[in-house]
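Colleague: Sequence:
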Amino acid sequence: MELPGPGSSSSSSAKLVAACVIGGIVLGASVLALHLSIPTLPPVDDLRRRLRRRRRRPVRVYMDGCFDMMHYGHCNALRQAHALGDELIVGVVSDDEITANKGPPVTPLHERLIMVRAVKWVHDVIPDAPYAITEEFMNKLFNEYNIDYIIHGDDPCLLPDGTDAYALAKKAGRYKQIKRTEGVSTTDIVGRMLLCVRERSASDSHNHSSLQRQFSHGHGQKIDDSGSGSGTRISHFLPTSRRIVQFSNSKGPGPDSRIVYIDGAFDLFHAGHVEILRLARELGDFLLVGIHTDQTISSTRGPHRPIMNLHERSLSVLACRYVDEVIIGAPWDVSKDMITTFNISLVVHGTIAENMDFMKDDLNPYAVPRAMGIYRRLESPLDITTSTLIRRIVANHEAYQKRNEKKEASEKKYYDSKSFVNGE
Numbered sequence: 008m009e010l011p012g013p014g015s016s017s018s019s020s021a022k023l024v025a026a027c028v029i030g031g032i033v034l035g036a037s038v039l040a041l042h043l044s045i046p047t048l049p050p051v052d053d054l055r056r057r058l059r060r061r062r063r064r065p066v067r068v069y070m071d072g073c074f075d076m077m078h079y080g081h082c083n084a085l086r087q088a089h090a091l092g093d094e095l096i097v098g099v100v101s102d103d104e105i106t107a108n109k110g111p112p113v114t115p116l117h118e119r120l121i122m123v124r125a126v127k128w129v130h131d132v133i134p135d136a137p138y139a140i141t142e143e144f145m146n147k148l149f150n151e152y153n154i155d156y157i158i159h160g161d162d163p164c165l166l167p168d169g170t171d172a173y174a175l176a177k178k179a180g181r182y183k184q185i186k187r188t189e190g191v192s193t194t195d196i197v198g199r200m201l202l203c204v205r206e207r208s209a210s211d212s213h214n215h216s217s218l219q220r221q222f223s224h225g226h227g228q229k230i231d232d233s234g235s236g237s238g239t240r241i242s243h244f245l246p247t248s249r250r251i252v253q254f255s256n257s258k259g260p261g262p263d264s265r266i267v268y269i270d271g272a273f274d275l276f277h278a279g280h281v282e283i284l285r286l287a288r289e290l291g292d293f294l295l296v297g298i299h300t301d302q303t304i305s306s307t308r309g310p311h312r313p314i315m316n317l318h319e320r321s322l323s324v325l326a327c328r329y330v331d332e333v334i335i336g337a338p339w340d341v342s343k344d345m346i347t348t349f350n351i352s353l354v355v356h357g358t359i360a361e362n363m364d365f366m367k368d369d370l371n372p373y374a375v376p377r378a379m380g381i382y383r384r385l386e387s388p389l390d391i392t393t394s395t396l397i398r399r400i401v402a403n404h405e406a407y408q409k410r411n412e413k414k415e416a417s418e419k420k421y422y423d424s425k426s427f428v429n430g431e
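In the working numbering, the protein residues as written are 8 to 431.
Keep in mind that the hints are not guaranteed to be accurate.
Said to hold, decoys possible - For lysine to aspartate or glutamate, the following EDC-like pairs were computed, each having C-alpha atoms within a straight-line distance of at most 20 Å:
#1 Lys178 - Asp135
#2 Lys127 - Asp93
#3 Lys258 - Asp340
#4 Lys109 - Asp155
#5 Lys183 - Glu104
#6 Lys186 - Glu289
#7 Lys127 - Asp168
#8 Lys109 - Glu94
#9 Lys109 - Glu151
#10 Lys183 - Asp168
#11 Lys186 - Asp162
#12 Lys178 - Asp168
#13 Lys177 - Glu143
#14 Lys147 - Asp168
#15 Lys178 - Asp155
#16 Lys127 - Asp171
#17 Lys178 - Asp131
#18 Lys127 - Asp369
#19 Lys177 - Asp131
#20 Lys343 - Glu386
#21 Lys186 - Asp168
#22 Lys127 - Asp162
#23 Lys147 - Asp162
#24 Lys178 - Glu143
#25 Lys183 - Asp161
#26 Lys186 - Glu332
#27 Lys343 - Asp369
#28 Lys183 - Glu94
#29 Lys183 - Glu332
#30 Lys186 - Glu142
#31 Lys183 - Glu289
#32 Lys147 - Glu94
#33 Lys147 - Asp161
#34 Lys258 - Asp171
These are calculated hints, taken from the structure and not from any lab test.
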C-alpha cells in the first residue's frame, strides 16, 4: 500500500482552511443581509402593549328615556352616563310606549330626537326604543350595538305592573347606576305650567307677580318642605360653579375665530331653539349665546314668564353641541362695547320668536349691529316657541294633571327616602 507523500497533508489542510474562510464569509454575508432586510424586533413588553391596544375597543354604554320636555336634568344624566364609557348610545322611547306607561308626551318623537342628538355627550341615537328592557332588546343591544353596560338613574323606573324596567339588565350583570339630578323633572316643569294656567286667571284681577319669582322664593300652592305636593314642586335647583364647569366646553375662541352671537330667553329649551342654534353655528367658528335675565323676560313676555330660571336655562343651552359659550344674564341691547369686548363678527336672530314687535321699535336692541352691517336674520327651521309647548299642556290639561298626580307620588317617595347625593 502506498503512503501519501509529505506534501499531501499540507495540501489538505490548506483546502480545509480555505473552505472555512469562504464558509465564514458566506455565513457573515447572509447574517448581514438578514439583519438589513428585517427590522429590529421590539421588546416583548412593547409587543404586548401593542397587542392590547389592538384588542381594545371603545366601551359603549346605553341609556334610554322619554326625554319629554328635555331639560338640564336629562342632559346631566347623559353627561354622567357618558363618563362611564367612551361612546354613549341613547334610546328614545316611542310616543305609543310613553302613552301606555306614563300618559301622553308633550313633545312628539321627532322633536325629542332633535333634542337628544344635539346633546354634546351623545354619540348615537336609537329611535322608538321600548320603555322596558326586554330580553330580546337587551340581546340586540349587546350583539348588534356592542353595548357593554346599560345605565339608569337611582330613582325607580317601574312598569304598570310594579316590576323593575331594568331587572333583566341587572340580572345579566351589565347594569350601572348614576345619580338623579336634583331640583328638576318633567313632572316639575309640567306642574309649573299647569300652575301658570291656574294662576293666570287669578292674576288678571289681583296678582301681577312673576310666577318664576314665586318658584324662586318658595311661594306656591300646596307646597311642603320636601318639595313635593299635590300641586307642583318649586325649583330646588342649587347652581354651583362645578356644575357650570361640567357643562362648559372649557375653551375660548382662537385669535382669528369668526364669533357669532345670538341671544334670547331659551325658556323650556326645545327643538326650535336647537335648530336655530345649529344654523347660527354654521355661520362661524365660535357660537356665543346670550341668556336674558328673569327680570328682562318678565318685562317683555309677561309676569308668568320665564318658566325656568336663569341658571336652569343656561345649563340647557350649554349642553347643546352647537354652543361654545354663554353669557349668563345677557343685556337686552347689543351694544358697541359688548361687540368689541367679545370680538363679535356677526349678530343673528331667528324669524320665529315669542315677540317680534321689538323689530318695529325705535329702541331696537339690534340697532347697533344693524348700523355696523353685522346683523342678520335667519329663517327659523321650526315653527315652535315656548308658548307652543304651553298650549299643548293647556289643550290636554286633564290628561297631564292625572299624569302628574301619578308621578308626584313616586317622586315624593324618592325624595323622602334619599340620603347623601354626590356632586355628580
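Colleague: Please go over all the hints and tell whether each is borne out by the structure.
Modeller: To see whether the hints hold, each was checked on the structure:
1. Lys178 - Asp135: With Cα atoms ~24 Å apart, Lys178 and Asp135 exceed 20 Å; violated.
2. Lys127 - Asp93: holds (13 Å)
3. Lys258 - Asp340: At roughly 26 Å apart (the allowed maximum being 20 Å), Asp340 and Lys258 break the hint.
4. Lys109 - Asp155: Measuring from Cα to Cα gives roughly 28 Å; hence the hint is violated.
5. Lys183 - Glu104: violated (23 Å)
6. Lys186 - Glu289: Cα-Cα ~35 Å, so violated.
7. Lys127 - Asp168: Distance of about 35 Å is beyond 20 Å: violated.
8. Lys109 - Glu94: Violated. Lys109 to Glu94 sits at ~29 Å, over the 20 Å cutoff.
9. Lys109 - Glu151: The given pair, whose Cα atoms are some 29 Å apart, is violated under the 20 Å limit.
10. Lys183 - Asp168: violated (23 Å)
11. Lys186 - Asp162: Roughly 8 Å separates the two Cα atoms, so the pair holds.
12. Lys178 - Asp168: Answer holds: Lys178 to Asp168 is near 19 Å, not above 20 Å.
13. Lys177 - Glu143: holds (15 Å)
14. Lys147 - Asp168: violated (24 Å)
15. Lys178 - Asp155: Roughly 14 Å between the alpha carbons, so the hint for Lys178 and Asp155 holds.
16. Lys127 - Asp171: Roughly 29 Å separates the two Cα atoms, so the pair is violated.
17. Lys178 - Asp131: Not satisfied, since the Cα-Cα distance of roughly 26 Å exceeds 20 Å.
18. Lys127 - Asp369: Violated. Lys127 to Asp369 sits at ~39 Å, over the 20 Å cutoff.
19. Lys177 - Asp131: violated (23 Å)
20. Lys343 - Glu386: Not OK: Lys343 and Glu386 at ~25 Å, beyond 20 Å, violated.
21. Lys186 - Asp168: Violated. Lys186 to Asp168 sits at ~25 Å, over the 20 Å cutoff.
22. Lys127 - Asp162: Status violated; Cα separation ~24 Å.
23. Lys147 - Asp162: Violated. Lys147 to Asp162 sits at ~25 Å, over the 20 Å cutoff.
24. Lys178 - Glu143: holds (14 Å)
25. Lys183 - Asp161: Roughly 10 Å separates the two Cα atoms, so the pair holds.
26. Lys186 - Glu332: Since the Cα atoms of Lys186 and Glu332 sit roughly 26 Å apart, the hinted pair is violated (cutoff 20 Å).
27. Lys343 - Asp369: holds (17 Å)
28. Lys183 - Glu94: holds (15 Å)
29. Lys183 - Glu332: violated (31 Å)
30. Lys186 - Glu142: violated (25 Å)
31. Lys183 - Glu289: violated (37 Å)
32. Lys147 - Glu94: holds (17 Å)
33. Lys147 - Asp161: violated (24 Å)
34. Lys258 - Asp171: violated (41 Å)
Of the hints listed earlier, those the structure fails to meet are numbers 1, 3, 4, 5, 6, 7, 8, 9, 10, 14, 16, 17, 18, 19, 20, 21, 22, 23, 26, 29, 30, 31, 33, 34, in rising order.
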